[in-house]
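Student: Order-wise, the sequence lines are chains A, B and C. For the first sequence, position 462 matches number 462 in my numbering, and the numbering has no gaps at all. For the second sequence, position 257 matches number 1257 in my numbering, and the numbering has no gaps at all. For the third sequence, position 124 matches number 2124 in my numbering, and the numbering has no gaps at all.
I should point out that these hints are in silico values taken from the structure, not numbers from a laboratory. A few of these clues could be false.
What the hints assert, rightly or not - For the chain B half of the interface with chain A, some residues (derived, Cβ under 10 Å), not all of them:
id	residue
1	S1004
2	P1091
3	L1270
4	D1272
To be verified - Taking lysine to any residue pairs in the SDA-like style, the calculated list, with each CA pair at most 20 Å apart, reads:
id	chain 1	residue 1	chain 2	residue 2
5	A	K499	C	R2112
6	A	K714	B	Q1263
7	A	K678	A	I734
8	A	K714	B	E1261
9	A	K714	B	S1004
10	C	K2035	B	E1261
11	B	K1202	B	G1235
12	A	K65	A	S55
13	A	K669	C	E2149
14	A	K714	B	R1088
15	C	K2035	A	D115
16	A	K484	A	G568
17	C	K2035	B	S1004
18	C	K2178	C	L2104
19	A	K714	B	T1039
20	A	K714	B	A1121
21	A	K484	A	D115
22	A	K714	B	A1005
23	A	K714	B	R1043
24	C	K2035	A	G33
25	A	K669	C	D2101
26	A	K714	B	G1235
27	A	K714	A	G33
28	A	K714	B	S1045
29	A	K484	A	F605
30	C	K2035	B	R1007
31	B	K1202	B	R1088
32	B	K1237	B	D1163
33	A	K499	A	R4
34	A	K669	C	K2035
35	A	K714	B	P1260
Idealized CB from N, CA, C, for every residue including glycine.
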Amino acid sequence: MSTRQFGERVQRNEDDRLIRGQGRFVDDIPLEGALHGAFVRSPHPHARIVSIDTSAAAAYPGVHKVYTHEDLGPLDVLMPLLIPHPCITHGRTQYPLAHGEVFYGGQAVAFVVADDRYTAEDAAALVDVRYEPLPVEIDIERATEGGAPLVHSDVPNNVAAQFVQRSGDAEAAFAKADHITSIRVQVDRSTAAPMECLATAARWDEVSGELTVWAATQTPIGLRGALSSLFELDENYVRVIAPDVGGGFGPKILFPYSNEIMVPLAARELHRPVKWIEDRGENFVNMSQERTQIHYIDLAATSDGRVIGLRDRFIHDTGAFIPYGIAVAQVASTSIASSYRIPNIEVEFSCVYTPTVPVTPYRGCGRPHANFAIERAMDQLAQELGIDRFEIRRRNFIPPEEFPYAREGLIFADGLPVKMDSGEYDRCLTALEEALDVPAFRAEQEAARAQGRILGLGMAFYVEGTGLGPYEGGQVRVHPITGKIFVNTGLTTQGQGHKTTWAQIVADQMGVDSSEVIVVEGDTGVFDWGCATFASRSAVVAGNAIHKTAIKARQMVLQVAANMLEAGPDDLDLADGRVFVRGSGDRGATLAEVATMSNPLRYAFNKAAASATQFAAAASSDGPPLPDGKRPGIEAQEYFSPPHATWAYGAHGAIIEIDPVTCNIDVRKYICVHDCGKMINPLIIEGQVAGGVAQGFGGAFYEHLDYGTDGVLKNASFMEFLMPYATEVPDMTIIHQETPSPINPLGVKGIGEAGTIPVPSTIASAVDDALASMGAPPVRSVPLSPAAIFAAMQASTVPA
Amino acid sequence: MKPSAFRYVVPADLQSAVHARAANYDSAVLSGGQSLIPTMNFRLSHPDVVIDLRLLDELDYVRTDPSYVRVGAMTRQRTLEFDDSAYRANPLIRQTLQNVAHPVIRNRGTVGGSLAHADPAAELPCLITTLRGELVAHGLDGPRKIPAADFFQFIFTTALEPDELLVEAAFPVLDPGEGWAFCEFARRHGDFALSAVACTVKIGPGGAIQRARLGACGIASTPVVLAECEALLVGNKPSEELFAEVARQAVSSIEATDEPEAQRRYRRHLLDGLVRRALEQAIQRTGARV
Amino acid sequence: MSTDTSSMRAVAGDYEVDDLVAVTMTVNGTAVEAKIPARMLLSDFLRHELRLTGTHVGCEHGVCGACTVHLGGRPTRSCLTLAVQADGCEIRTVEGLADFDGTLHPVQQSFRECHALQCGFCTPGFMMSVAGLLEEGIGNDLSDSELREHLAGNLCRCTGYQNIVAATRKAIDLRDGKEG
Ligand SMILES: Cc1cc2nc3c(=O)[nH]c(=O)nc-3n(C[C@H](O)[C@H](O)[C@H](O)COP(=O)(O)OP(=O)(O)OC[C@H]3O[C@@H](n4cnc5c(N)ncnc54)[C@H](O)[C@@H]3O)c2cc1C
Ligand code: FES
Ligand code: FES
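One chain only, chain A, in its complex shape (with noise of 0.2 Å):
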């Protein structure tokens, strides 16, 4: 009998390939006679563009073409607004290449295409455009203000969308608190720099009429859908692959980017293979960004600190254009409670044009926003009511009985009412509390305040919408000449691990090993039905959808098997490769003899197939040899919708020290305690928890997209905008909690994203706690700095 794989610390089985240097990441297809492009991109945030003249830089040895929009033909359309919403009532997307105006310093202009990509960079210097510079705001709360320059001239106040939700009665609340906390907080513009950027290469088959693109996507099914559109082709002659994919988190699920228009266009046009590899200097003002909002929220409590209403009004950036809809600004609405009851919310945000690269999830996507406004007013709270910071938030959680628990009136990012599934948040806050040890930790930042060194703890809980619909499907079959067992699934990996996940899954019911189940991703010529890689979804529904697929393969080999062995299903079992009947030796038959048995049609081309033979006679009866009803083959297909999200949660704690010379801050302790349902592999979830944590400190501490008020990007290189490296990462202690969900089979929730969610907000409850005997004021903003806390420091109303 095989072990259970599921929950097992299975190793990968991507990583061979990738450890010996034989990943295929788009830039590594092999594609002979391929071209190279290169983008012209605006270097001014907002301007008029008086000409373009490409003469010199067609002329140039080396150069096929070059574009500009006036050579797009039917495809110089305004690209799709992929998630409309009704509350979107300027929705503003871009062309695939500028007309007449651009919006944002990086905005492609022209594209040139060369016999290499040094040649085009050559020309794409020699493209010559003019521009008129035309003023700009990059100050989100100035930009609604009557009189600032808008960024689209038709859109007044620079406001895209404007949305309230509310759940209970939030005036009513407020009206009878006892005590009532506002602050303002504000999280800053950055970047999810995944450490392959993007890349297009596409290819037009002359034979068949096929066009094949290669993309460093999260979707490639949507940009299929987007490809066939504005190409005018059926689905079946357009095939997207995502290979291996180096990193996405987040902007990666977005579709189509100029470049994946521009490069199938060329390839079509010149007749050979084209590619575009992104280098970094582009990554940071092509690659759509995240994170600028500004909250202001009230809490409305009880003296003892339970929060009776909660009313957030907050101003979402969303770049030069809108091209994701309200996605990041919805969830982070939604998620604004948190894990606390809350039963009064109001809810407001605008959603604001600034001339900056346009706005899509990134990692997070607004939860690591709204966690920071929550967390940071309840600790003023707890604060202000003098009770301890894990108090309060004990006095306001939702109690496990309490579950579902539902938010009437606050719509998700699925479009389905919040309801939140299964939880134990004390369980989770109590753990990390003593993991922490905070009596201990007391005691020594008493003794080393004497000693003029500054150390504080920081605390932070949060709640992440996991596992979004609309569904995913799987397909599982056994290949009948060698028996080797095949998934698909319409999903991408960039990192995940799905190749072992996805495995394990499947090995369970097949009753083989997990590395001998072979996962194919991320190619529409492959399976086709399904949506992307985003929101922490992929275990969720993919993993359901191919848990429940594998659930019926195994009846399909039970029941060819139980006609070959002439035993009942029931009596059947699966181990090591083999089904066998239960208890009688080596009565049964391998995969590949049942895949061959259950294809009438065969040949005694191997082994597998020659002694499948045998078992005709048993298999023969009198109807045709494929019943009406029935397949040939082991080759199952299943879908997975979940009913709603489901709510994976944790608690981050830090104990740091404080430079008084540098005021850098030391990490000397990171705790992170997360409930993500059942675990499939753990330890590929502490590699997401991990990778999280480090984002998630880069974005509290390191990594700032510093636009200057002219709004052009002052550090665009990895010399200047501080990606950590190990150096720079703490250590960290990761605790595993599970609370199944109810609302799915495998009982799994997601984790992708939630190591991000919480650190920011952690971080600054530590700098909080660390300078608060000084009388500093509190951290109201991040990615924090070692001069903001000098600037914390010289403010403090105690004397250091």
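Given chain A, work out where chains B and C with the ligands should sit, using these hints.
Tutor: Then chains B and C with the ligands, alone, in the frame of chain A:
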């Protein structure tokens, strides 16, 4: 991010390198490439001619004599870092180098390249300036010695003439018992310094400071010798009060920039602290007490 | 080749903008000859001319370390090296880490066992840096923060580094013949 095209010249010896340099006004000298190639990849620089010094083995040496650790310009930073004779003669060199970028960059980056690049936040220029070291340039007229204080003129600007190459850097050795320290803060490990302070101190027979050298980088358009601070130190016994006074003095050497007020204040605070730390560490290494 | 070099006595090479430069090097033990433009980066030469695409490119300005290869035995940024600078040199890339019979190098083994990679994009560069540290003789007596200082210089966006630190320790043990 690919370099633009250039004429590529590979001199086989110093003499021809100097000639190539003299003959090509818009040329770039390529040694380790760890500063030049990034700027070429960004197309922030696009030299017509690149003169690659890779064959000039004659400039790859570390020689220690009683007064100086003499380092050929083409010596890799990592080679100098690991050189034991240099370490014995002046341990501050190794400590300083460990703050320069990352091992993989130092494997390739040269001592000459770092000095000729003259980044105002770079560590090696700060060290050689603080130590009153000496640089040797070589042009059509032969070699020429340049005191470090005269070599660094402005951001990315040195006293090298268009026909000159940097061929050697001479770092003074430390006296027996002399204390030393290099204190830096960079936001990420291996980044250029936000500020850094290099320091040596020698205690005289009576316990007073007999000689002090103190310099900083990241605070002006060149590395800076904090001469007034040195003057305050000499003749006095080390004490916290003295160091505080020296630190206050150091802060007044920060060059004004257009950075925001908060950042400016922070810089002053940082330099103040780094100076005190460097002095404490250096004194500790002399075996004396504060 | 330009002709106005008469005044220079010893010029090993002088190539006009459009000239190709002949180079020879040994890559993963195999001799390689090629004629390339002087401006071609070593990273592009390895990836696109030699089709050794295991070496990745993440920034092309020296910060991320994804492009790290061994040049003359020392870990080097291939994006900050012109291929012509490697003329006459030995190069080792991630494809040359494992033995010819496929046996994994200790650093490959430890990266897999410790789940030190997710998307795998930074991994070849990281492994080449760590392989260099192993050859320099780095030991497990280092504290975690010292070890992290040796690993700074390579960026990873996926793992949060924790498992890379663990994998480095494990690789040191494997090098030293200690059971991991
Ligand atoms: C990620 C990263 C981080 C870094 N961090 C730091 C850091 O913290 N501190 C630091 O100091 N440096 C840092 N550096 C720069 C590094 O130290 C470089 O190696 C050094 O600045 C230049 O040395 P090089 O040999 O590479 O010179 P090159 O890049 O080849 O040349 C640099 C400049 O000097 C000129 N030049 C070179 N040699 C000579 C010569 N002999 N005569 C005349 N001119 C010459 C060149 O023309 C060029 O203008 C970093 C680099 C990178 C990529
Ligand atoms: S690609 Fe070479 S260091 Fe990033
Ligand atoms: S594993 Fe993805 S960047 Fe390191």
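Student: Could you run down the list of hints and mark each one as holding or not?
Tutor: Hint check:
1. With its C-beta approaching chain A no nearer than about 6 Å, S1004 of chain B sits inside the 10 Å limit, and its interface hint holds.
2. The beta carbon of P1091 of chain B is not positioned within 10 Å of any beta carbon in chain A (closest approach about 23 Å), and the interface hint is therefore violated.
3. For L1270 of chain B, the interface hint holds, the least distance from its beta-carbon to any beta-carbon of chain A being 6 Å, beneath 10 Å.
4. Hint status for D1272 of chain B: holds, given a least beta-carbon distance of 8 Å to chain A, under 10 Å.
5. Among the hinted pairs, K499 of chain A with R2112 of chain C is consistent with the structure: their alpha-carbon atoms are about 14 Å apart, no more than 20 Å.
6. Straight-line distance between C-alpha atoms of K714 of chain A and Q1263 of chain B comes to about 16 Å, which keeps the hinted pair within the 20 Å bound.
7. For the hint pairing K678 of chain A with I734 of chain A, the CA-to-CA distance comes to about 16 Å; that is within 20 Å, so the pair holds.
8. The straight-line distance between the Cα atoms of K714 of chain A and E1261 of chain B is roughly 18 Å, inside the 20 Å bound, and the hint therefore holds.
9. Proximity of K714 of chain A to S1004 of chain B is assessed by CA-CA distance (about 23 Å); at most 20 Å being required, the pair is judged violated.
10. In summary, the hint linking K2035 of chain C to E1261 of chain B is not supported, as the alpha carbons are separated by about 54 Å, beyond the 20 Å threshold.
11. Among the hinted pairs, K1202 of chain B with G1235 of chain B is consistent with the structure: their alpha-carbon atoms are about 11 Å apart, no more than 20 Å.
12. Taking the CA atoms of K65 of chain A and S55 of chain A, the gap is about 10 Å. The hint holds against a cut of 20 Å.
13. Between K669 of chain A and E2149 of chain C the CA atoms are separated by roughly 18 Å; this keeps the pair inside 20 Å, and the hint holds.
14. A C-alpha spacing of about 43 Å is found between K714 of chain A and R1088 of chain B, which places the hinted pair above 20 Å, so the restraint is violated.
15. Taking the CA atoms of K2035 of chain C and D115 of chain A, the gap is about 17 Å. The hint holds against a cut of 20 Å.
16. The hinted pair formed by K484 of chain A and G568 of chain A fails the criterion: a straight-line CA distance of about 24 Å is larger than 20 Å.
17. This hinted pair checks out: K2035 of chain C and S1004 of chain B have alpha carbons roughly 18 Å apart, not beyond 20 Å.
18. Between K2178 of chain C and L2104 of chain C, the direct Cα distance comes to roughly 16 Å. Compliance with the 20 Å bound is thereby established for this hinted pair.
19. The straight-line distance between the Cα atoms of K714 of chain A and T1039 of chain B is roughly 16 Å, inside the 20 Å bound, and the hint therefore holds.
20. For a cut-off of 20 Å, the pair hint linking K714 of chain A to A1121 of chain B stands: about 18 Å separates their Cα positions.
21. At most 20 Å may separate the alpha-carbon atoms for a hinted pair to count; K484 of chain A and D115 of chain A exceed this at roughly 42 Å.
22. This hinted pair does not check out: K714 of chain A and A1005 of chain B have alpha carbons roughly 27 Å apart, beyond 20 Å.
23. This hinted pair checks out: K714 of chain A and R1043 of chain B have alpha carbons roughly 16 Å apart, not beyond 20 Å.
24. With a C-alpha separation of about 18 Å, the suggested pairing of K2035 of chain C with G33 of chain A holds against the 20 Å cut-off.
25. About 43 Å separates the Cα atoms of K669 of chain A and D2101 of chain C, which puts this hinted pair outside 20 Å; it is violated.
26. The suggested pairing of K714 of chain A with G1235 of chain B is violated, with an alpha-carbon distance near 47 Å, which exceeds 20 Å.
27. Simply put, K714 of chain A and G33 of chain A have alpha-carbon atoms about 37 Å apart, too far for the 20 Å limit, and the pair is violated.
28. For the hint linking K714 of chain A to S1045 of chain B, the alpha-carbon distance of about 18 Å falls within 20 Å, and the restraint holds.
29. At roughly 17 Å between alpha-carbon atoms, K484 of chain A and F605 of chain A fall within 20 Å of each other, so this suggested pair holds.
30. At most 20 Å may separate the alpha-carbon atoms for a hinted pair to count; K2035 of chain C and R1007 of chain B meet this at roughly 15 Å.
31. Using a Cα cut-off of 20 Å, the hinted pair K1202 of chain B and R1088 of chain B holds, with the two alpha carbons roughly 17 Å apart.
32. Using a Cα cut-off of 20 Å, the hinted pair K1237 of chain B and D1163 of chain B is violated, with the two alpha carbons roughly 48 Å apart.
33. For a cut-off of 20 Å, the pair hint linking K499 of chain A to R4 of chain A stands: about 17 Å separates their Cα positions.
34. Between K669 of chain A and K2035 of chain C the alpha-carbon distance is near 54 Å, which puts this suggested pair outside the 20 Å criterion.
35. Using a Cα cut-off of 20 Å, the hinted pair K714 of chain A and P1260 of chain B holds, with the two alpha carbons roughly 14 Å apart.
Hint compliance for this structure: hints 2, 9, 10, 14, 16, 21, 22, 25, 26, 27, 32 and 34 are not met, and every other hint is.
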